[in-house]
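Kindly produce the complete structure, drawing on both the sequences and the hints.
Number of protein chains: 2
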Amino acid sequence: MKINLLVGGPIENYPERLLEKRGQDELWVGADKGAVRLCEAGIKPILSIGDFDSSTNRERYLVDVMSKEVMTSVPEKDDTDTELCLRLIEQRFHPDLISIYGATGGRIDHLLANLFCLLRPEFLNMISKVEFIDKNNVIRFYNPGEHEIKQIEGMRYLAFVSMGPVDDLNLYDEKYRLRHANLSRVISLASNEFVSETAHFSFKNGNVCVIWSKD
Amino acid sequence: MKINLLVGGPIENYPERLLEKRGQDELWVGADKGAVRLCEAGIKPILSIGDFDSSTNRERYLVDVMSKEVMTSVPEKDDTDTELCLRLIEQRFHPDLISIYGATGGRIDHLLANLFCLLRPEFLNMISKVEFIDKNNVIRFYNPGEHEIKQIEGMRYLAFVSMGPVDDLNLYDEKYRLRHANLSRVISLASNEFVSETAHFSFKNGNVCVIWSKD
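Residue numbers (the UniProt record's numbering), protein chains in the order written: chain A, 1 to 215; chain B, 1 to 215.
Calculated from the structure, these hints are not laboratory results. Each residue gets a CB set at the ideal place from its N, CA and C atoms; glycine is no exception. Among the hints, erroneous ones may be present.
[Unchecked claim] Computed list of chain A residues with no C-beta within reach of chain B, every gap over 12 angstroms:
#1 LYS2
#2 LEU88
#3 SER128
#4 LEU158
#5 TYR172
#6 CYS209
[Stated by the list, open to error] Restricting the straight-line Cα-Cα distance to at most 25 angstroms, the calculated cross-link-like pairs of lysine-lysine (DSS-like) are:
#7 LYS150(B) - LYS135(A)
#8 LYS214(A) - LYS21(B)
#9 LYS129(B) - LYS44(B)
#10 LYS204(B) - LYS150(B)
#11 LYS214(B) - LYS135(B)
#12 LYS135(A) - LYS214(B)
#13 LYS21(B) - LYS204(B)
#14 LYS135(A) - LYS2(A)
#15 LYS129(A) - LYS2(A)
What follows is the structure in structure tokens.
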């Protein structure tokens with residue numbers, strides 16, 4: 001089962017037509033402003049979560065009547081909306097994949113909080129089923145091991161980002177290869193590319209995120 | 001002396017009217033597509049750097065005639081444009097401040113490469129004079145010590161981002177305070193705020209970036 005999560009980032013960064021013509025069998029969770037946008041687009045969230053402190057009464061009413069369930073969180077909480085949603089989505093639905101939209105653009109502290117929160121011990125066991133998607137990027141996360149990744153249509157570039165120290169990183173069959181690299185800190189190895197339909201990489205310790213992107 | 005550096009990210013993320021009505025005494029360096037944009041806006045770069053492999057002949061000619069100096073870099077080099085520019089700007093001009101524009105928006109691998117490259121040993125001694133600026137964010141970097149920061153007009157939010165392990169982080173007088181926090185990895189402590197004109201923080205080991213931002 002796949003869950004789509006819409007958080008509150010700027011609409012300009014959404015993939016094209018994100019909220020148009022969605023299949024009725026798609027499952028959406030909305031976080032705060034994201035929940036409002038889902039409901040305004042006629043998509044009924046299976047769960048809406050947020051403090052809704054920047055929403056109008058009309059928006060809050062819309063979310064209440066359209067959502068299957070609404071959970072009101074406390075403003076000024078320690079968790080970000082994304083963290084709260086990830087935890088609840090995992091507990092409730094045990095999905096195979098969580099595709100997060102609206103997490104990029106605008107505030108960079110939010111983007112970094114979204115990317116980095118997956119390193120929290122409680123989320124490490126679910127990072128392989130989380131992806132962030134915007135109009136220019138798809139971001140997925142990997143625990144140590146051997147991995148095969150596939151081209152995504154329209155996304156020309158490929159990047160490997162160490163999320164902290166990473167041991168023995170191997171990029172076997174990408175345009176720019178790497179053997180037994182030990183990275184001591186966060187590094188974004190940008191502007192790599194696929195040379196065939198699939199690419200393979202491995203590493204021993206740490207966490208890596210892979211970014212498919214286009215200009 | 002202050003140097004402005006324009007790299008090649010999307011124009012939509014520039015601060016408003018970035019390239020209009022600039023003072024004639026401002027010093028600009030352009031990286032690749034950024035150099036083209038400076039010249040097209042009538043700003044004469046003191047240095048233009050790039051492989052210009054995605055520029056037209058007309059664009060390349062414009063850069064050649066308008067720039068005080070052009071350095072052609074090799075495509076598919078190991079350094080990113082930003083790294084190359086930082087190194088050259090420091091060697092040539094020894095500026096007090098390097099304000100980088102065009103480093104955000106679009107590809108997230110580029111954004112992360114730009115932020116994280118400052119952790120390379122060769123750049124650590126200059127991180128305190130580098131800032132990234134876009135329409136929603138100002139990002140500055142700090143080495144260990146005691147620091148005072150000031151409000152930036154229009155930027156409501158304040159974030160402290162550990163760029164790796166950070167020891168004994170103290171946020172003394174921000175809206176959300178922290179005492180003697182040891183952070184073991186990259187974490188974005190987002191959505192803090194100033195409570196007066198200035199705020200103070202300190203930490204003992206590691207590197208912290210501070211993000212002033214607005215929605």
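When the hints from earlier in the document are held up against this structure, which numbers fail? Violated hints: 4, 6, 7, 8, 13; rest satisfied.
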